[in-house]
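*Asks:* So you can see what is in the structure, the chains are spelled out below.
Protein chains: 2
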Amino acid sequence: MRIGELVTPALLVDADAFEHNLATMALALPGARLRPHVKAHKCTALAQRQAGKGHRSFTCATIREVEGMAAAGLGDDLLLANEVLDATRLGRLDARVTLAVDSLQTIEAAVKGGVKEVVIDVNVGLPRCGCPPDNAGQLAEMARSRGLTVRGVMGYEGHAVGLDDRALRQELVAASMELLVKAHTAVGGDIISAGATGSYDINTWANEIQAGSYALMDTAYAKLGLPFKQALSVLATVISASTDGYAVANCGLKALAMDHGKPDIADGSTVLIVSDEHITFVPETSAAIGDQVRVLPAHVDPTVAYHQQMHVVRGDEVLESWEVDLRGW
Amino acid sequence: MRIGELVTPALLVDADAFEHNLATMALALPGARLRPHVKAHKCTALAQRQAGKGHRSFTCATIREVEGMAAAGLGDDLLLANEVLDATRLGRLDARVTLAVDSLQTIEAAVKGGVKEVVIDVNVGLPRCGCPPDNAGQLAEMARSRGLTVRGVMGYEGHAVGLDDRALRQELVAASMELLVKAHTAVGGDIISAGATGSYDINTWANEIQAGSYALMDTAYAKLGLPFKQALSVLATVISASTDGYAVANCGLKALAMDHGKPDIADGSTVLIVSDEHITFVPETSAAIGDQVRVLPAHVDPTVAYHQQMHVVRGDEVLESWEVDLRGW
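Chains A and B, in that order, are what the protein sequence lines are.
If you're matching positions, the first sequence starts at 1 in the working numbering and goes up one per residue.
If you're matching positions, the second sequence starts at 1001 in the working numbering and goes up one per residue.
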């Protein structure tokens, strides 16, 4: 099948860039040093390729992701790096599930839901989930008193990982991880889990890195000069061309996320506006009705979540199509 | 069922606000004066309610939407207000399908795909699809020479409909519609189709208005002081609360769109950051772990497209659940 036969807009994965990204990461963080985050791609077929590179432990952001990974036979060691107040669906799974907790309530939810293992989620600077570092030891004690196994700590330095300035990124990651390591001393356990694609080679404190974007990449992460290639694009068809110098392709707000700003177009065309089902752009060279363009989203995660499938391509050939089967909650 | 039993995040439709919106619009634009745009809700169950108010002609933005509406028995008069280069799926449908065309290529696509009726899509100021107004007559002639019935014109004044300043909005709508009416004189046919929720009571030139957002509404349109109520929200659960004064609920970038900016929270809480599965906010009064909050998206269309279902509620009671069955392309 050729990409010209796909219904557009369609999510494409460049096979060679994807393979490069997986190989590069597996070399830098082999085996369990990487705990790939499936939230970035929501696709068990893609996760199977990550497992094929030696990573058998995964990070999830939703209960649905954990369920789907378990059903796909990828349940060796699943960390739900998020808080939940009803863990009953997790407790039922035939998989090793570890749950993040940051409060008495989330510990009780784990117990009640039949989850056996937890990590203490520590706030290391991002105003989101996680307990104050000084409370981590006490929470671990509470969790153990309720019969849970505490495997260690996690802390996401999300305020640092997207910064363009590498020196500043390093500085903030170091400060965050100082807090996490201290909390780990109080908590115990084997796991110090943190990080992201933006800190994969900086964060030497954590013993496992929760990177997700590296596999597909986006234009926001591309600005950091990481050794990962843009593998993801949205294929669109030019459906209208103006005599005023702009063209319109059939890919819009329901095919890509805008929280990190406008997308780019692979050939260097200038994007003017994005509306529900359209992208208006000034072509770099020319754009005739019927031409296809590859649109590069600024943020991979919420872009993939709009699509039912991603198509693995090499040039114009569609090699295979993967279901985005971990959507929803 | 109570809303506390829903898996969060969950899309809610307030039954009373929704009913108010449908009744208000049906009074202002009865029957065929409104051609409701289904792109805003992507839900045939909701469209059935619009049909129940007397609107039997609908606007669609994608082939998938046209197919789904036809399959749901709502195919009396479906306008695909968008350009396509492969119309074969449309030509196969047991429904009355009218297709927008703005070029020789899109006319040929209609002919080849077996579509019988078209409207000439005219650019009235928004840099997107649509032919120059002066070319509309010639395109209509071409379409007729190829055996197509030309039902009239459409032109979307999208650059005007979202403006807060009503006087400016009126001015730009008038200028746009002057172009469309002139094009209609050259084209002929019964239809002058235009508009949106933001111009439903201003655009007196078009004989049918393609409003969609009015049924559910969003915070962007709320700023215009229209007589429609916010019926849509995303229900989220507070999963973490910081001693630093903020709380975190489980609703993020995969549950609402950010192209029109951050969402609001119904109780007036201040939203700080939105990430993939989280919203961090400073509570207006207090927010305890386990509390539920209703998040109000800035843009309805790409928010709904993230969800598989919407739940119609009155207070805390879930009255019914509707499939968002028109997603994809």
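Since the hints were made in silico from the structure, they are not lab data.
Mixed in with the good hints there might be a few duds.
[Said to hold, decoys possible] Chain A side only, calculated, beta carbon under 8 Å to chain B, not exhaustive:
| id | residue |
| --- | --- |
| 1 | PRO9 |
| 2 | LEU12 |
| 3 | GLY75 |
| 4 | ASN82 |
| 5 | THR243 |
| 6 | LYS254 |
| 7 | ASP259 |
| 8 | ILE289 |
| 9 | ASP291 |
We treat Cβ as the ideally placed atom computed from N, Cα and C, and that holds for glycine.
*Asks:* All hints are to be evaluated individually against the structure, with a verdict given for each.
*Replies:* Evaluated hints:
no.	hint	verdict
1	PRO9	6 Å, holds
2	LEU12	14 Å, violated
3	GLY75	20 Å, violated
4	ASN82	6 Å, holds
5	THR243	7 Å, holds
6	LYS254	4 Å, holds
7	ASP259	4 Å, holds
8	ILE289	5 Å, holds
9	ASP291	10 Å, violated
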